[in-house]
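Participant: Starting from the given sequences, assemble the full structure and let the hints guide the process.
Protein chains: 2
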Amino acid sequence: MAETPIDFRTEPSRYRHWKLAVEDGVAYLTMDVNEDAGLKPGYKLKLNSYDLGVDIELADAVQRLRFEHPEVGAVVIRSLRDRIFCSGANINMLGLSTHHHKVNFCKFTNETRLGIEDASLHSDQTYICSINGIAAGGGYELALACEQIILADDGSSAVSLPELPLLAVLPGTGGLTRLVDKRLVRRDHADFFCTTAEGMRGKRAKDWRLVDRLVAPSKLADETKKVAQDVSAKSKRPKDAKGIALTPIERTIDGDTIRYAHLTVEIDRERRAARFRFAGPTAAPPADAAGVHAEGVAFWPLALAREFDDAMMHLRLNETEIGTWVLHSAGDLDLVAAYDALLDREKDHWLVREIVLFWKRTLKRLDVSSRSLIALVEPGSCFAGTLLEIVLAADRAYMLDGVFEGSNLPAATVRLTAMNFGPYPMGNGLTRLATRFLAEPSKVDELKGEIGAALDAQAAEEAGLVTFAPDDIDWEDEVRLAVEERAGFSPDGLIGLEANLRFAGPETMETKIFGRLSAWQNWIFQRPNATGEEGALKLYGTGKQSKYDRKRA
Amino acid sequence: MAETPIDFRTEPSRYRHWKLAVEDGVAYLTMDVNEDAGLKPGYKLKLNSYDLGVDIELADAVQRLRFEHPEVGAVVIRSLRDRIFCSGANINMLGLSTHHHKVNFCKFTNETRLGIEDASLHSDQTYICSINGIAAGGGYELALACEQIILADDGSSAVSLPELPLLAVLPGTGGLTRLVDKRLVRRDHADFFCTTAEGMRGKRAKDWRLVDRLVAPSKLADETKKVAQDVSAKSKRPKDAKGIALTPIERTIDGDTIRYAHLTVEIDRERRAARFRFAGPTAAPPADAAGVHAEGVAFWPLALAREFDDAMMHLRLNETEIGTWVLHSAGDLDLVAAYDALLDREKDHWLVREIVLFWKRTLKRLDVSSRSLIALVEPGSCFAGTLLEIVLAADRAYMLDGVFEGSNLPAATVRLTAMNFGPYPMGNGLTRLATRFLAEPSKVDELKGEIGAALDAQAAEEAGLVTFAPDDIDWEDEVRLAVEERAGFSPDGLIGLEANLRFAGPETMETKIFGRLSAWQNWIFQRPNATGEEGALKLYGTGKQSKYDRKRA
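If you read the sequences in order, they're chains A and B.
Using our numbering, the first residue of the first sequence is number -14, and each one after it goes up by one.
Using our numbering, the first residue of the second sequence is number -14, and each one after it goes up by one.
Hints in this document: simulated from the structure, not taken from any laboratory.
Among these hints, one or two may not hold up.
Since the list gives no way to pick out one identical chain from another, each pair is judged satisfied if it fits inside one copy or across any two copies.
As the list claims (entries may be wrong) - The list that follows gives simulated cross-link-like pairs (lysine-lysine, PhoX-like), each with its CA atoms no further than 20 angstroms apart:
1) K191 x K428
2) K210 x K221
3) K428 x K167
These numbers come from a predicted model, not from an experiment.
Facilitator: Below you can see the structure in the form of structure tokens.
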């Protein structure tokens, strides 16, 4: 494990870089980065530049607003600094970081930006960006994740993506994709914009679709407030509902075991594997949405999603050599299915919707985790519906056919629920089942007929839900081989392989960001022109000129 | 320039690795790689493994079959070697190659595979692969580009993608994408297949959709012939038509000037730029398709496409430091438009169709060339229709508003033709105009009303067809700055930037291959785990074990 593990758990009272205020159905998320509070030593977060720590707080605020503030229909992102909105990811931090930290940082910020868009599009909590000065690089990328961008029209406030001309890297957080695929900026305009370090301001920024609205600087605050209040007034979020508090996630790390209430992760360093053990619920679900609300963060699906999400981020950043995640579960299938039935029945309730959307995002986080995923379906497991998505997200799934000798646990079964047929689309916009059966689309409809049925190993293999169904005699060798073999392969090769095989079918802005943009960025981060001793990222701010290898690949 | 430039021009009498025979409407393209005839010294092309030279011949044969053999409705790809179909790209060649050569090699082989699919889908010349032994890595990827894969069912013939387990790299020629997006192989099956070095054979290969048909080895030749003859019989290609000969492309290289009949390329090493000067036709087109056929390779659009294609490949491989291509034209707009009118009018004639499809592929080759593209529309230019696509493919286009002082050439105009509205889709499946105007789809329809109109600089800028329209006073500085600025940027950053900005809108198998798979492959090719001194690609065949950095990015 990393010496000082990065902790993703935080809350507003501990924020060092953001201020969160709510007024009249509008939340104001105000950036005021403490330059001395970087996550690691060695750099200062000047000019509202950010590191992972700044983004951890942003992600927390975005998540919290959804659950704690049903009355908020619009969120304004703005800056407290004079004439500076945000100058993007901190360059010195990037220059000092390892390759895997840079890539992990970009992935998490991407997930946070996509989470912002998910809130706007699916929770009716719409993000508006109010830019009072320079929005450079990641600063403008943050703006691009908002549904509206308001720019001060003062002759100096500007948006820019100066990464290429200044640093020889790409805007790493979806900027290029959002320019041409979200804001539909013409490619020649995008080309000029991205090669112009000082960016664009005023009329050209608006004409070229880079911002939505220009406002005189003296009116920026009032106009932003008015726009946000109008947007909030049109939101269908329940103004009179009461939010639930996202109290701290309880976690203990004991050697190589990480324990949460409903999830334990055991690290096997020799095999470079982490075993996730998901625990099913121990009691029946409440009767209705009111009961869900009364349980709050203790409601099993919400509690487990929070733990699962935290565990993944912990492992991604702090356990980079643990390349395989082995996915187990234990519990009562009937109870898991009963929770799914409740989620399906009460799906129009704001809190239930948020819980389901959170599971959607958490499962997507699993999909884009650059770890090999092996699901093991054993006697005593409870992979039904929502939990079965974890099996479907795996690169490979093994299900024991029959029982273990000497065990009195009955043979495992898996179970489909309504939750497998819509609420949890992958980044490509399709369910995991639809992605899985691109070759036989009718199979998805056939499987709807199997909702609720207990599918044993042979039935599950026949249905295409698991990859292999070895019996007791072969199980141990086959599973051990799969895990050990994975540990022997090149991590880079596996990352590329998995990124290419996991997302068949249609592409979306999201899959383009993770599949294409990130791959190019990873490549460029490795190139001497960016990160070599004479590369632009290393020399930025030193006054020295970088020397490029001119060969075009 | 590279010391011994790689020449892409060849013909069957000079093939060293393939045999081409035509019989009863079926072409047999038989691989028989001469292991001592590698393109560069230092490796032997054992076991029907290939290097760029082998693929140059394949690309030539695929192209030639379309133009020279209208009677051929099916093409069989097979091997002359006993129990070996093809063992893929030569590993020693990859280990010895520079990064940019590897990437260029992969791109060209990708274009050739896509050309095979284009022939099957759009020329009704359908490719069938007959596998008599081992089809490993690039060998299986070649098979995947065919519409049908027939595998000998003999207990040893197998298809495999062993790149990850053996070499720590990805199958670099579309294999992963075609598995899940063309053949719709289930992702968990694909995962198992791609991590199993020995691959799959027999029933499992067929059940998992890796091949289409199993045939006893003794019947493989006959059965393949029968399948191919059936496919050919159903083809709508004109059995009685006579092909046209693709005679050698004439080219002279004189210092930094490359001269063809209709194209001159001037290399400006100081600015790391190549100026393409396309020459319009000097006479009116023939009246009809019969006239086109009579002109054969001399027909201006065909002659120019061949030259343009050859020039791009020459520059890509032999002039890797020339990072910007500046695109000029000179000629008579009326004549260019008249040729386009002929291509449109006779589009159902097989030869005209082939010429238009060839322009489509050539323009796609421009789209995926990792060079900055700057189009300059000046007085005397002839950017109409087909040639206007070159302007639309550019990252940026400048058009002179007015005339040059002291010149008697009238102000430039550009012209739309029917050819801009359909026949030349990009890899994303959309025309360049539709991709350009994703934000205003109605604009494409409006522009149809402008077909044939002479659009001057202001009209062209207003219509969104060019980026900037400076006048005589600003032209020189603005254009010089654009070209010089480009030369100052990091080539890697530009490659990634351009790859992300050029292909907005829908994704296809093709854009996934170039945009996603290639980016990951480029990244992995840079990683020490593959190409470092202890990397798998370097150590392959030495018996030494590679040492991996285990950190997951």
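Participant: Could you figure out if K210 and K221 sit no more than 20 angstroms apart (CA to CA) within one copy, between two copies, both or neither?
Facilitator: within (19 angstroms within a copy, 65 angstroms between copies)
Participant: At 20 angstroms max between alpha carbons, let me know whether K428 reaches K167 within a copy, between copies, both or neither.
Facilitator: between (33 angstroms within a copy, 18 angstroms between copies)
Participant: Evaluate K191 and K428 at a C-alpha cut-off of 20 angstroms and name the case that applies: within, between, both or neither.
Facilitator: The answer is between: 19 angstroms across copies meets 20 angstroms, while 48 angstroms in one copy does not.
When each numbered hint is compared with the structure, no violation occurs for any of them.
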